[in-house]
Structure formats: C-alpha cells, structure tokens
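Enquirer: Since chain A is already given, all that's left is putting chains B, C and D on it; use the hints.
Those sequence lines, one after another, are chains A, B, C and D.
Take the first sequence: its letter number 187 is residue 187 in my numbering, and every next letter is one higher.
Offset between the second sequence (1-based) and my numbering: plus 1000.
Offset between the third sequence (1-based) and my numbering: plus 2000.
Offset between the fourth sequence (1-based) and my numbering: plus 3000.
Hints are computed from structural coordinates only; laboratory data are not their basis.
Be aware that a few hints might be false.
Counterexamples of contact, computed for chain A against chain B with all Cβ distances above 10 angstroms [to be verified]:
1. 24
2. 75
3. 225
Looking from chain B toward chain A, a few residues come up when the C-beta cut is under 8 angstroms (computed) [stated by the list, open to error]:
4. 1188
5. 1197
6. 1199
7. 1212
Even glycine gets a Cβ: it sits at the ideal position worked out from N, Cα and C.
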Amino acid sequence: MTDAPRTLLEINGVTKLYRTPHGQEVVALQDFNLMIPDKPARIVAVAGESGSGKSTLASLVLGFIKPTSGEIIFRDRSVERLTRGQRAIYRRHVQAVFQDPYGVFNPFYRIRHVFDLAIRNFKLARSRSEARNLVEEALSVVGLRSEEILDRYPYQLSGGQRQRVMMARAYLLHPDLIVADEPVSMIDASLRASILSIMERMRDTDGISFIYITHDLSTAHQISDEIYLLYQGATVEHGSTVDVLENPTHPYARALIASIPEIDRRWEGEITGLNEESQQAETGSGCCFYPRCEQRMDRCLSAQPALFSILSASEPHRSACYLYEREEDGER
Amino acid sequence: MAETAETRRSRRRSPWLNGKLMLGIAVLVALLSLQWIGPLFVDTQEALIGSTTPNLVPVGQKANPALGFKPSKSAHPLGTDSQGRDMLAVMVVGTPRTLYVGLVAAGLGLIVGTILGFLAGFSRGLTDSTITTLTDVVLTIPPIAVLVVVAAFFTQTSVTLLALIIALFAWPTATRQIRAQVLSMREQGYVKMAQLSGASIWKVMYGEMMPNLLPYLAASFMSMMAATILVVTGLETLGLGSIRLPTLGTTINNALQASAVFRGMWWWWSPPVVVLIVIFLSLLLVTLGLDQVANPKLRKHL
Amino acid sequence: MTDESSPALAVRDLAVEYATDRGALMAVNGVSFSVAKGEILGLVGESGCGKTTTAMALLRLVQHPGRIVAGEALIDGGQNIVALDEKQLRSVRWRRIALVPQGALNSLNPVMRVKDQLGDVIQTHEDRRIGGRELRERIEHLFMLVGLPSRVYRLYPHELSGGMKQRVCIAMAIALDPPLVIADEPTSALDVIVQRVVAQTLLSVKQRLGMSLLLIGHDMGLMAQMADRVAVMYAGEIVEIGPTSAVLGNPRHPYTQTLIASVPTMRTRGLPRMGSDESAPDLASRPRGCAFQARCSSVMDVCRSVAPELRAVGENQRAACHLYPDGVA
Amino acid sequence: MLRLSRRYVLARLGRFVLTVWFGATVIFVVPRLGRSNPVDAILGRLAQSGASVQNADQLIAGYKHRFGLDKSVWTQYAHYLENAFTFHQGYSLAQFPAKVDTLIGRAAPYTIGLLLFATLVSFALGTLIGALLGWSRTNPVLRRVLPITLVFTALPAFMLGILLIYFFAFRLRWFPYAGAYSSNVTPGFNLAFIRSVIEHGALPALSVVIVTMGVWALGMRGMMITTAGEDYMVLADAKGLRSSRVFWSYGIRNAMLPQVTQLGLSLGSIAGGFVVVESVFAYPGLGGLLYQAVINNDYTLIQGICFYLVLGVAFAVLILDLIYPLLDPRISYSKG
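This is chain A alone, in the form it adopts within the complex (with noise of 0.2 angstroms):
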C-alpha cells in the first residue's frame, strides 16, 4: 500500500456546532468521517432521522457552510482553501438535487432557466445549437422531451417531473459527485423507483457518484453501495450497506430497522424504552443513545465510543457501540 488511491471527496474530522436563539450550542454533526474513492463511482447512503445531522452533512458539502472544525478534501484540495478559479470548477464538479421539487424552480421563470443559468455561468457551450443539444441529451437521460418541458413554468409540471428536470440539471454539468438530499421523500411511492434508477445509471454509465441522504433505509437498501447511519451528529454505524441494514450490529440501528413498517413482516412485540422524550436527555461526554438503548451498560457513559470494527463481518463494517469493544482495540 505504497501508491494511496487517489479520493474523490474526504471528510476528516469535521465538526459543526449552531448557536441558537437563547444562546446554546447544538451539535449538528460531531466529528464526523466519509471517504469516497475516485474509481469506481459509488452510491454512498448517509442515512438518520430528523436531527441527525444528515442536511448539515449536505449543506457542508455543497459549500453553503462552513465546518466549526475539520476539513472537507476534493480531489487532494481543501475545500476551505480553494482559489477563486479552483472553486468554481468545485462547483460545477459537485451538484445536488434537493427534496423539494417545488422550492427549486423560481416561481418566475420558464423551465428552461436553470439550463439556460448552468451554461451561462459555467461557459459549457459556444453556440445556442450546441447549448440545445446539450439540453436535449440530458432532458433524455431523464426520460423527458425538451419541447413538452422547456417552455412551461414550473407549477405546470408533476413533483416526479421537476425531480427529473433537477436530475437532467446534474446531469448537464457532467460532475464528479451529487449530492441527492432525500430527492424521493416527496414523491409517490409508485413514481421513486424511475428516480432512484437515474441515478443507479448515471453511476453506471457517466461514472457520476452520488452522496444519497435519506432517512428512509429501504430506499438506501436498494440503491445504496455503502451506508453511513447518523445519530444526533455522529456516525454510529458503517459498513456496505448490505452488511449494516441486513446485519445490523448498532442497538440504534437494530431498534431503526426493526421499526420500519414492512408489507409483508409485522412489528415484533412493542417497543417502550425509545420514547423520544428521552431523545433530548443529557448524557454529558457518554453515548448519546444511552437514554433510549435497551443493552446499555455503565460503560456507556464514559466517553463517546469510537467506531469498533466488525470482524465477523466480510467486508469494512464498523459500529459505535462498546459491545463491540472487545473484537478490537477501537480505531485510531
């Protein structure tokens, strides 16, 4: 392991803290690591619940804030430290398609605008041809048709459309990385499997990967490569997303995925300790899910525990929780 792989993005360490109104400090997201090589492109899921700090994740990527601490690295460059000229390629090569489909269309213009604003900014075409057919192409990955799309308003087309025209959007840039936050949480159930294979193509065919926010882990479950599942601001579990949802090892992740009203499996006895009143109680530098955790133990309320490898597990597979202390020494 002399010639490390060259990475797509890395995220070392990043911590970001929110002050709020009457002055108290949050955690939206604690110390927190993701890789994503360069080759192959990958789905990578960062799954959790409202307050996980899953949007914080998002944001941070897509540059709208800024890291308390850590550091976010695309392609070997701090993203905080890029120059004006560097920037502007980070952002063309990092996109995103947000939940939303209706907030992301300015109410005032015809569909054809955000196309027309990405090639504009971006200088992708030198002639309007080249810019249509630019259009064209991408509207076509999506399944559209550019002369039923481009000259309608927004409010003119269905939720499932304006989620492909964001998709057709990404696409046109050609990036390196999409940042999907929940892009089918409000879409019909019948409408988000078309959405979802976009993006399974585009990480096919143009070697586009995506960053797939969701709190939903069946959506992950079928699309994701690799799974990141946060609580309050941390990582608790990490594995391929086979591993963690099929196996999971995390007495949070157990209790999330047991929870999940499936068609064709009942809920197993009731659930009482995960109230979520107990969600807010302080539990000072320990685990924050000890309030909620059924197999707590007085070592739990130590320090945060780290992220332990799986060893029984065949490939990466890593768990916030001290019952898994023993297989190793915790990492470094």
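Expert: Here is chains B, C and D on its own, set in the frame of chain A:
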C-alpha cells in the same frame, strides 16, 4: 388540488392588470401631470398672494355679501382666498408639488430600504442585528417630532430638501419588509440552485430574488408614499411648510389660520382636502391592487 | 335506530366535487365502504387520490370550493352525516366521530395550553358542567391511556416533541369515547421509531376502548401493521377492498399490484422494474371508462368505454377491474 | 406563571433606551446643522416674523445658558442628555418664566388620555371588523355592510378632523369645535366637567378612530384568511366547538398576533398624526401646545415637546413589547 388551482391562475390575465391597481395609478398620474398640463389652461402666477381680488365665491355659487364675499367672474372658477390667491391655480400648483415630495421621499426610501434589507437579509450576525435594531428604533420615533424641529430651525426648506429629510424616516418600512422576504427566499431551493449553477451573490439577488420581490417593492413604495404625504401635509398644516409657493398642506394651514371653516369659506379649505382624499384613495386602491398580486389567497375574497 | 349488527360507519356513493375554472372536478367519485364495530379499515392511496377528501367529507369539513354532491354516510345504522343540520352536526362531531389529524405539527392551537384544548371538547359536549378537579382527573386519565406524562397538562404545544403532540391528539380524539375515530396520516410526519411508538399507542387505545378506526394513509407497510381491512383508492374511486393480508399479499387490481411492487423491502435489493410513470390522472378531464387505463399494462378495449365496478375477486376481496368480469371466488 | 426570559426583557429595555437616546440626539444635532449657531437662527427667525423682543439681552443670555454655547459641543451634548433624562427642559421662550416641563405636564394628560382611548378603540373595532370580513361564516348581509366602515381608511386623520368640524361643529353644531372643556365648567371630578371633556374629545377621537380603524381591519382580514387555512382551525371545527368559540379563541386569538406587532410599529406615526389632529381642533394637548409653540417660535418648547413625544412613544412600545409574550407563549419561552 394545488396543481389545478395554479393552472387556473395561469389562464387568467396577469394579476398586475387588475382594476384597482390600474385606476389608482391612472388617477395619480393624472394629478401629477397637472404640473405640465395645468399651466396651459391656468395662470399659475395667480397662486401667489395678492394676485387677485380676495374672497371671491366660486362660479355658480351664491355669495353672502353680509360676510364680505363677492361672486366670482369666470376667471376664478374655484373662487379666491382671503389673501387673493386663485384656488384653481393653487390646486394646479400645489397638487403636483405634494405628490412630488411623496415620490422623491418614497423613491429614496425604497432605494435605501432595498439596500439595507438585502444587506441585513444576506449577512446574518452583527450587520443584520445592527440594521434590524436601527430600523426598529427609527420606526419608533414619530417622524413629525424630528421634522418639526428641522422645519422650525431651517427657514428655507426647499421641497426637495424636505423630501430628502422625510426619506430618512421612510426607509425602515421597506427595510423590514424586504429583509423578511430575503430571509425566507434565501432558504428557498431556487436560490441554492442558482448558487450551484455558479451564479454570484449579485446575480442571485437581481436575477432570482428581485423578480419575486417586485410586488413587495411596489407595495412598500406605495405605503411609503402615503406615509410621506401624510407627514408632509401634517407638517405644513402645523404651519411649518415652505411659505412662498403653495402646497396642499400649506393651503390647509392658511385656511385654518384664517378660520375659513367658521367663516363659511368652504371653497378655501375644501379643494385641498378633496384632492388629498382623492390622492389617498388612489394610493389605497394601488395598495389593495398590489395585495392581490402578492397574495393570491386574497383574490377570492371581498 | 341502533342495533348490534349495523356497522359503525356505512358510506354509500359518496361524491365530493370541487368547482374550478375548468369545470367541476370529482375529487371523490362515488365511494362506498363500511367500517364494522371494532374494526380498523385502512384507506390507502397516493397523493391526490381523494383519501383525505373522503375523511374530511365524513366530518363534513370539506372546504370551499369543494362540496359533497351525493351519497350518504350512516353512523351506527342511524344518523346520516351528509344530511345533518348545523346543530345536529355539532353534537355528532367528536361525540360520535373524532379525528386524529394529519401530521399534528400544526393541529394544536399554538396559544392555548394542552389542558385547555382537551378541556374544550369535554366542556363543549358534556351536558353538565364539569368541575376543575374532575376535568383534571379525566384529562390525566387520558394522558395515562396514551402514555403521556402528566406534566404535559400545563404545557403549550411548542413545548412538545412531534410524537408527544400526536399523542395529545390521540388523547383528544378519545376524550369522549367515540365509537369511530378517523386517523388521517397519524404518523406520517414522525421518525420511524417514534412512528412505531405512536402507532402502537393508537392500537392499544383502540384495543382498550373497542372503537372503530378509519385509518387514512399512503404507507402500505404501515397499513400491514395496523389495518384489518384495506381499501385502495385511485382517482377518487375505490379500486380494491378486502382483508389486509389478501389485498397486500394477493393484489388483483393492476394499480394495487403496481403500488405494492413499488414498496421497497429490506429483504430484496435493487429497484423494481416499473412501467410507464404517467402521473396521477387529471381529475377534471376524466377519461371514459376506467380511470387507470392510461397507466395500466393490461389495458383492454372495454376499459376505454366502460367504467368497471367492484366485483368479488376472492374471499371478502373485491376489485374494480375488467380482468375479473364474473368475479372470482 | 409567565416566564419572561431575562434576555428578552433586557433586549427590549435596551431598545427603549437606544430609541430615546437616538431621538434626543437628533433633536440636539439638527438645530446645530445650520450655518450659524442656534441662537442666531432663532433670533433671525424671530426678527423675520417681526416679533417685538423686549429685554433681548436677557433673552440672548437665556439662550446662551440654555445651549451652553461657550462650552464645547460635547459638554453641551452631555448637559443636554443629562437634562433630557432628568426631565429638565428649561424655560419656555414665549411663556417665560413658565418651565417647558410644566407646560408639557399640563397638556400631556389630554393627549395621553385621548390618544390611548382612540387607539385602543380603533384597534379593537378595526380588528373585529377585519376578523368578520375574513371569516367565511360571517352573515352575508354584515359582510356587505362592513366594508362601508373602511371608506375613510388611510386618509390623514387631521383632514377627516376638518370635515368633522365643518359638518358636526360648524353646520350642525352638535359638538364644540375647540378646546378640551367649556369655560363654564370647573375642572375637577364633577359630572359637568366630565361631560364637557367627553363632548370636546369626541370629534378628535372620532377622526383618529375612523381613519386608523380601516388599516387594522385590512391587516386583520388578511391574517384571518391565512389563519382559517391552518390545521388547528379545521380541527377546532371537527371538535364540534361552537362557531363563536372557534372564531374567538382559535381564529382571532392567533390572527391578532401580527396585528399587535404592527400596533407597536405604528404607534410613532399614530402619535405624530394625532399631534396634527390636535392642532386642527385647537385641543390643549401636546399637539395644540406644539401648534402654539410653532406660531410663537418657541424653540425650547418645540424641542421639549418633540423629546417627550419620542419618549412617550418609545415607552408605549416598550409596554407593548413586555405584554406581547402574554399573548404569544412561544416568545417568552426560554429553557436557559
């Protein structure tokens, strides 16, 4: 359901073309254009003191000789006041001047308010809280309290200077409203999308936010104009206006000082009052019309 | 008028119309179903299918420009909700039919304490005056049933978490021990674990009080956990109805099949292969025949001219599809 | 039970002090912006208006003392602020040796009483009318009739005052047209005096009420329509509550919150407008006093009245800010 409601809206004409808005603007433009059209028909010199016979009753009205009033010849269709000004000339001269003060002050207020509103909305933290506090402070101070002092100590206030000073109190309305809009808009997906498309902050402001702000800007402008005219005529009614040339407010002050109401000289005090009522009703119409543009929910009601 | 055999709620040919510039739009187009005593019926469908409008119609809360144009809804075989006058309506609301609202995030009056909002329904509907102490005891008993700590009594809504707010709403719904509760997406705004806790609360309360529950939702998985029977709605019509296990395990209507195929499970990976993804139908220009024809993979000539009616396709299972012309037993 | 957070109270108090300081400073700075010192300006204006000035030396000395012109601007400023915040505004020029504070103290109760009354009545009436207009279950007849009350919306109050004087005092002679009470009653707690005060106050109050009422009504109508779409309104109906209960405790109660904020923001211009109304009615409140002061070129009095206007409005806004959390529990809430 949202889909169909919106489709319905698109099939109608532009919301800007509503009757209230159009009528209000038409009346205001007509009154302002008196400045250019008026002198073609009326001798504006007769708006000055002593230019005609005092106390003439308007054409077609009965004069009460016991009170010393004489019927007017056709030269003074609205009569004259006790100092020999022709009321029609006074109105032709005074109305545009009053509107002019409102336009200038509201225009300046809008520019300052827009800049500060964007600044506050975009830069959280110290800049924002400084601007917000200043806005609230200036809003709390009754403009007339400061303007009375200004007018009392500066004998030669031109109409433009007065407008400038009043603009100092007009901007907070706009600042507050624009800041609130900018704050909510900057969280909108389309603003983020524009940034991701490489648009500079500047482009985001005028390209993405401004078009959606238009009805709010217009509404702010109108309410500032109304507030300005209110303050300036109030000030003039108190006797603190420019003395040389008449405006609507100074005319009211002259009439009050001369006890015109109790001498039965209704033709003296009522023209400026009627014109002001027309101005304020037009401003109200415009505001209501703009409300319909900015807030589609209201369209169904009233 | 009431007797033991009649269902808690019997809806027949209910239709709700919205007036738009493009003409009348049938949001609910002749819906019939019944909820037996002690049963949980799930009404499921995607956005715009008319499920929430149906719920609102059953409480006579359809807002302008919508209005109920046809049908009846009998409570316990007796009063017809659709025909009640204002005064009767007020006495039926909450006493006979209560509502657990959607989301619940904004369903509580932000400027009123929780106790006053609960007190409101009790004071309004009890014939006698309720003293402060009795009221407090009743409310705390309700809190106990839904698993809320008694300190919630004095709090304002903004001081509660999402799950607690939803449990306040459940407590409010059962305050008068109504025979029927309509729960409109009662857990859709909640996190998965909290959703499970709240759903279990609703189930345990239902078990204890023995009421009937009409559960409106879009989540097939949740229906599988909670409902005894489900009715699937599409374009303002019920396309399939039957026992939960039958409808989810052996869906007969092509739409139900699509819907269930699109639900991801933790057992299988990969995306289902979906057909055309035409969006929800335009309710204002309903096609002749079956509303699902444009999206249906097994569309036939008859579907374009004749609207199918609900016919038996299994034990207690009915579907509105021409694929099953004579009904299948 | 109300827990006002210290942060909130301190912030509001801070804004109050800042407002008064800012207003006082403007009033101090403005006269100094002229070409010469204020004394020259004052004397110039006095001479221009042709006032005969007896013992001018004494007057000049008085001015010098008042403005402390021999000292540095900063000393003058410090003095001025000290005097302002300890309520020593010095002597009136026109009514020497009457003190400015005494004159204002005599006039203020009329203004405060009338303005408070008129503002509260117009706020309450306007809010109610707006709520009824925005409420879908309002009787259709009432819905047709109510907009009539909005005809005079947004006119300057003093103009309506002139119209009221003309019709009700001059033509119909139903009301007196000037002063705060008749000369034939003795001020004090007696029926004749109270009646006279009410008669004299009716028209000025009415002109404010009619004009501002519509502004509140329009704002409230919009808020009520917005509120009617809220989930808790739908649930309130589902609960089978009486319509009146839904209207008051759920609808108005929530819809009025922005109105109260708006009231705080408008108090300044309402008070300013009222000053002019008083001058039109020759009402012996602060406005009437100000009118006299302007006619008499009584600069110390003008400055004093303006300072107290700023102070009074800022104080009213402070009170409103401190009451607001009572209406909206979400504001006062603080955990830390």
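Enquirer: Please verify that hint: residue 1199 of chain B, Cβ, nearest Cβ of chain A, below 8 angstroms or not.
Expert: OK, holds: residue 1199 of chain B within 8 angstroms of chain A, min 6 angstroms.
Enquirer: Hey, does residue 225 of chain A actually stay past 10 angstroms from chain B on C-beta?
Expert: Check passes; 24 angstroms lies beyond 10 angstroms.
Enquirer: Is the interface hint for residue 1212 of chain B satisfied, with its Cβ closer than 8 angstroms to some Cβ of chain A?
Expert: 6 angstroms, holds
Enquirer: Is the hint on residue 1197 of chain B kept, meaning its closest Cβ partner in chain A is under 8 angstroms away?
Expert: Since the shortest Cβ distance to chain A is 4 angstroms, the answer is holds.
Enquirer: Would the least Cβ to Cβ distance between residue 24 of chain A and chain B come out above 10 angstroms?
Expert: Per Cβ check, residue 24 of chain A is outside 10 angstroms of chain B; nearest 17 angstroms; holds.
Enquirer: Confirm or reject: residue 75 of chain A is not an interface residue toward chain B, with every Cβ-Cβ distance exceeding 10 angstroms.
Expert: 18 angstroms, holds
Enquirer: Would the hint on residue 1188 of chain B be counted as holding, given a Cβ-Cβ threshold of 8 angstroms to chain A?
Expert: 5 angstroms, holds
The structure meets every hint from the earlier list without exception.
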